[in-house]
Amino acid sequence: MFLVAVAAVGGSAVADEAPRHEPGKGGHHGGPLVHRFEDPARWAKEFDDPARDAWQKPAELMKVMQVMPGMTVVDLGAGTGYLLPHLCRAVGPKGKVLALDIEASMVRYMEERIGREKLACANAKKVALDDPQLTEASVDRIVILDTWHHVADRVAYAKKLLRSLALGGAIYIVDFTKDAPHGPPKHHRLTPQQVVAELTQAGLFAEAVSSTLPDQYVIVGRRPAASPACARPLRAFCRPAPRTSRPCCGCTSGARTATRRRSAAGAGTARRCSAPRASSHTSSSASTS
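With the working numbering, letter number 166 in the sequence shown gets 166, and the count goes up by one each step, no holes.
Source of the hints: derived by calculation from the structure; they are not laboratory data.
Quick reminder that beta carbons are idealized off the backbone N, C-alpha and C, glycines included.
Among the clues, some could well be false.
Pairs of lysine-lysine, BS3-like flavour, derived with a Cα cap of 30 Å [claimed, not checked]:
#	residue 1	residue 2
1	K178	K160
2	K94	K186
3	K94	K57
4	K160	K186
5	K186	K63
6	K160	K96
7	K57	K159
8	K178	K159
9	K94	K159
10	K57	K125
11	K96	K159
12	K178	K96
13	K94	K125
14	K186	K96
15	K159	K186
16	K160	K126
17	K125	K96
18	K94	K126
19	K94	K178
20	K160	K125
21	K118	K159
22	K178	K63
23	K186	K57
24	K186	K126
25	K57	K118
26	K126	K96
What follows is a list of derived Cβ distance ranges for each label pair [what the hints assert, rightly or not]:
#	residue 1	residue 2	range
27	E136	A54	15 to 25 Å
28	A208	D153	20 to 30 Å
29	L129	K178	25 to 35 Å
30	R108	S138	31 to 41 Å
31	R108	P85	33 to 43 Å
32	K126	P85	17 to 27 Å
33	R163	P214	32 to 42 Å
Please work from the sequences and hints to get the whole structure.
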């Protein structure tokens, strides 16, 4: 009997009976819940139950995660694709949604759903047990919904997720509180503090995020890099102008006139331009080589 430690989206379907739990694995506090999700039709009755929206609040999750048009978003452990319609609406026609799962049967189910519901921006893919197989710096958001408690080596896995984040990217983990009426067995549930510590150890900036989900918490892990606004740093000062070159763009017309006069008088090398830090250099004119 083959058992796995990373599984499809749980929702209320990750019931307290923990189907086919393997003795000796995941039995300790906070350990991974080890079982498979091999029957999509069965799980779809629970994962896609319309009543789930009342406590899962997918529309609010899109706002909490700040999913914007044009983004690339990964639904990790996507299961039957519960979040796909919501994610596709959020990223729009120019965005991309990658639905990843380790179960081939779940991936086939999602592929059929994508075609049936015309979710043109979504693609479903089977991935390895211990590797999301994402391209480096390619993803804006990763959502892990009701799934993080299934991951065996969460710190190592989070490090792989971190490498896939683009500048400004973030991982959002949504999982069950200890007191939630549904979810995995209570001894397998993780506290928000545990999840923050795991993401922090993996190298992310992690913290809890405020939400109105009644039975779950939301943790965000952000890529520890400059904000997107700093991706193209402003060059505050121009480079020294060669003797025979024209003054750079930062000089005022008065400075250009003075430079011509000094050149005509044999004053020698033009002085360094003193463009102020707040100058409006364009990327092309500031990139003097």
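Which constraints among the numbered hints does this structure fail? Numbers only, ascending. Hints 2, 12, 14, 19, 21, 27, 30, 31 contradicted; others consistent.
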